[in-house]
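First to last, the protein sequences are chains R and U.
Heads up, the first sequence is in the numbering used here, so the first residue is 330 and it goes up one at a time.
Heads up, the second sequence is in the numbering used here, so the first residue is 2 and it goes up one at a time.
Derived from the structure by calculation, the hints contain no laboratory data.
No experiment lies behind these values; they were computed from the predicted model shown.
Careful, some of the hints might be misleading.
[Stated by the list, open to error] As a list, the in silico DSS-like pairs of lysine-lysine whose alpha-carbon atoms are at most 27 Å apart:
| id | chain 1 | residue 1 | chain 2 | residue 2 |
| --- | --- | --- | --- | --- |
| 1 | U | Lys115 | R | Lys338 |
| 2 | R | Lys374 | U | Lys158 |
| 3 | U | Lys158 | R | Lys505 |
[As the list claims (entries may be wrong)] Facing chain R, according to a computed beta carbon distance under 7 Å, are these residues of chain U, among others:
| id | residue |
| --- | --- |
| 4 | Asp35 |
| 5 | Thr53 |
| 6 | Tyr82 |
A virtual CB, placed ideally from N, CA and C, is assigned to each residue, including glycine.
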Amino acid sequence: MAIINQATKELQVKIVYYGPALGGKTTNLVQVHDHVQTAQGQKGKLVSLATSSDRTLFFDFLPIEAVAIKGFRTKFQLYTVPGQVIYNTTRQLVLRGVDGIVFVSDSQYEKMEENVKSFTNLEDNLKSLNLNLAHIPCVLQFNKRDLPNAAPVEYMEFLLNNRELQVPSFTACANKCEGVFETLNMITRMLLHKFINEANRKAA
Amino acid sequence: MSLPQLIEEDIRELDQALQELLQKSDASTGLIIDKGGFLITQSGDTRDLDTTTLAALSAASFAATQGIASLVNESNFSNIYQQGDTFSLLVSNIDEYLLLTVVFKAQISVGAVKYFAATTIKQVAKQMKRAHRRAPDKGIDLSMLNLADTGPLFRKKIA
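Bound conformation, chain U alone:
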């Protein structure tokens, strides 16, 4: 089973869950990402952030932490937390496919962010279950689409 395809309703629910989290915890930015490294949706202040790369690196970092967990026979490393001078970062497991990444000011306690994130995680997981039920065996549906053109997608710059 793979991540189901997401429709507007899903993204709306996910965005709303993120916004609630940011409001309650006073965190700056929230991202929902796929464990393969794809950014699904984002909320909050993203002006100075390369969120595509942030998503890829948080997923990789989380995966590495899971690798470490299995080395020490621990099945429950469900969060990673990095404390910085101005900003801190929390990456939490949502379900089999997704992660939540939260960027927040260093003076905010991680405990508070974790506490509010627990609700967000439940909300997101619930919506993903709905998405799965909607299309249980359909991971992807491009049936109505056609290739835009048959030429090469990427061209080399002419020097």
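Excised from the complex, chain R in its bound form:
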């Protein structure tokens, strides 16, 4: 759950990039880190707890700041989870206190089963933390659109976004930084609107 600090006028929000192994979650963070326009001091270091072969072992972590709300410094903490199936305990740990989710799926036909399994795993893990995906802002990213064996977007929508409440989706080639910022801006926007709506509801 986001932290609001009235004393320092800060809002801290946690966004987790989730998805199957080798889908491009870490690439998304690397691209944000390399290409974001920020004032000095608003972008932190990208920390990767990875194995020697560059597979995420625990998580990647990137803190970035923006003036999103008048008078409040908004600090977004971006995390990735390890995609490999065996690391489920680690994924649960990283999800603790999550405010928003970016689900990075792999567009290649042969990865569809992994995409669906990872999405189900996300729902299960949220349930174990007493959270419900319907109440958490979520954005889908269909990554690796440039590969020749990419499945049609409609098919991926059918597989991953076929619920009562559909979430925004973006196509991406994360390694070329296409779609990365569109995805990030949508999730941050959704999060801020959610906080403001909740606040207004409580005030009413």
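Start from chain R and add chain U according to the hints.
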């Protein structure tokens, strides 16, 4: 229930508790962090420290330790301690939401830091209870705020 929103009084009390700890134990830096990885407040020498990352990593490390505790059927792994050559680190559980991270010189005994930290933990937990009572069902209140602008928050650098 989530972490209540914190006002100046809370942060002042938390800072004071941290400063007392640093003074008594001679530790270098104290942080109060949320278990989700957010830094709430910090005290002491933070010049050469990336405290945002330190907070995120201590919370993750503590969470991993809790995971290990449940594997060995232990419910009380309430501290993690790492001894280094020049600096050591202690991460202690405060309450359901918060952790205390203390960085101290390696020659200082961890026993002393733990002893003084016990008081700090009580002080912080007490103030958090007060914060909860102040607004029992209000985790967040942004009712007086408006979005600064409706454009994208993050822009890509033009190459």
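Here is what the structure says about each hint:
| no. | hint | verdict |
| --- | --- | --- |
| 1 | U:Lys115 / R:Lys338 | violated (31 Å) |
| 2 | R:Lys374 / U:Lys158 | holds (17 Å) |
| 3 | U:Lys158 / R:Lys505 | holds (13 Å) |
| 4 | Asp35 | holds (6 Å) |
| 5 | Thr53 | holds (5 Å) |
| 6 | Tyr82 | violated (20 Å) |
Taken one by one, the earlier hints fail for this structure at numbers 1 and 6, listed in ascending order.
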